[in-house]
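Order-wise, the sequence lines are chains A and B.
Numbering (this note's numbering) for the first sequence: 1 to 326.
Numbering (this note's numbering) for the second sequence: 1 to 336.
No lab work stands behind these hints, which were simulated from the structure alone.
For each residue, glycine too, the CB sits at the ideal point set by N, CA and C.
Cβ-to-Cβ under 8 Å is the rule here; a few derived chain A residues that face chain B:
(1) L23
(2) Y63
(3) N165
(4) E193
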Amino acid sequence: MAEIAYWEAIRRAHDEELANDPLVIAMGEDIGVAGGTYKATSGLYQKYGPERIIDTPISENSYTGIGIGASMAGVRPIIEIMSINFALLALDTLINAAAKIRYMSGGRVSCPIVMRTPGGTAHQLAAQHSARLARMFMSTAGLRVVTPRGPLDAYGMLKSAVRCNDPVIIIEHESMYNMRGEVPDQEFFRPLEGAEVVRAGSDITLIGYNYSVHLCLAAAAKLASMGVSAEVIDLRALKPIDRDTIRRSVEKTHKVVIAEEDEAAVGVGAEIISVITEECFFALDAQPVRVHAADVPVPYNRQLEKAAIPNADDVLAAALKVLGRA
Amino acid sequence: MKASDQTRLLREMIFFRRFEERSFEAYMERKIGGFLHLYSGQEAVATGVLEMARCGHDYVITGYRDHVHAIKAGAPAREVMAELYGKETGSSRGRGGSMHIFDPTVNFMGGYALVGQPFPLAAGLAMACKLKKTDQIAICFLGDGANNQGTFHETLNMASVWKLPVLFVCENNLYAIGTRIDRSTAVRDQYKRAAAYNMESSQHDGQDIDTVMKAARSAIHHVRGGNGPYFIEFLTYRQRGHSMSDSNAYRSKEEEREWAERDPIKLYGERLKAAGRLTDADIAQIEKSVQDEIENDVIRFAEESPEPRVEDLTKYCLDDNPNPQWIGPLRGDQHG
Ligand SMILES: Cc1ncc(C[n+]2csc(CCOP(=O)(O)OP(=O)(O)O)c2C)c(N)n1
Ligand SMILES: [Mg+2]
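Model the full assembly from the supplied sequences, consistent with the hints where possible.
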């Protein structure tokens, strides 16, 4: 078992899957000769060559479409889009094509692509480089959406995504690529469905995904020092959502905070509250609270950016409010 | 070309015309819903190009005006009609409809409604052929209007840089719905636009199937020979409106008449008659047999086929038999 960085975990998954199947390829801007913006494909060009590690021009919609077309003929492309903001240009091929081809062909043609992209605010990248946008994909039938919170899932979910026959969107995070974590040395797969209780507790449930799991964990640690036992759930997959794990936790704790880095409207928190309302409304002792970004384009200025994006103290404050201790 | 092949080609075009006209009738009877884009008038393009391809081996992909391309590529006509009827026996199990015919058993990889979307999908199919080192090619049929999408430029560029085995067939019928090409497009001759991407290209008459076949043969030879992509443009004309609700008010009766003179079926039939290959009686006989086949086989199959079951509503959305190892649920022993 070694402790490796998130980007190394992604790189290792690429490497193993490329070695395993000659029809696995990787494509994206600057992923080959340059090794990838976040190093997630470094060295692979040298190892697998330009036909399989494909440096694309800056044509997000069409190179994604080329990956989709190739997948329809049995290729398994791992498509990197440099930032989720740029994935907006590929929504036609992702949402109108990849998500729908299986259904509209009556199950006769599938599109086993993986699209990886970092969402989230890093540090002062301003409005056009800080989008989260997970909600756009999680509301699309025909896609799977996963949000690895650390190296273990970054590795194991990418491996599963490559082998899965459905189109899978993997949302990474600009601020997580250097995050380190233990990853076993032997090969393993992590499933693309199922939330995970990452910290067990009995007084309140804190729900996060991707980066916001870490905010929940930090808040839970502070709550523990205040004598409150918080349970933390990592959703892991935004599509499909694991309703059972959420229900079981809420039935135990009766109180919920949902932390998302995105704006609130029509978002992950809104969806989770709907799930809770449908699954276990009467288990609630207090109204659920969302911790989310301010309803503004992300500002450049450091202070303003900080104010726009939720942090662990915001999660803590929300938890105390739900607990009636604010 | 052998006389029997010529007769077959004429019969195929007559069949395609009748298929389209008969689906128009079924649409009027409300047996077919949605949008319905007919190919009448353009038959020589798909028929001629695909006659030169290796159907069932090469990949074929197109837009929403896709019935004829699918059938010529090898999809059973009765399944295509059943798809228009929305039946479970349809090419896409009734989930796609007229604009989304698929038959992967013959490598017909679909009809798509988003104008320009098949460009990259075609290049991707070609990339797969290249990766697998097969001698297959991908053939992408699209209209003139599609060339104003970003996907045209992005894909032609990549196809050229990566020397992908893809043939882009532009069916220039002069209109994108009601907008005539010179009102929307700075370059009227579409084949010239491919030059910007350092791609071989040419323009031909799309009404004369002999011309189409000759041009397609050398273009396909180029692509299959590993020389990279090729962009081939055919000038053609659709006889009917863009879709069902189109009054054709944007074009003159005179223009329609001129093109009707150059109806591909009429041109080819006359050529075969002049060469002494067929008589009027032979052609009448072909028309009769086509009519019978469409009624007794194609329409009958569509009419008698079952509807999809409502219980199967969400089937085909995701892989219906996923490997639990990749999908889940998350188990305690999975390195949590
Ligand atoms: C992205 C997109 N924009 C607009 C439309 C509406 N639309 C459908 S067909 C069409 C015209 C396309 O013309 P052309 O490519 O020349 O093909 P043709 O119909 O003449 O065969 C338009 C604008 C669409 N389906 N997709
Ligand atoms: Mg047109």
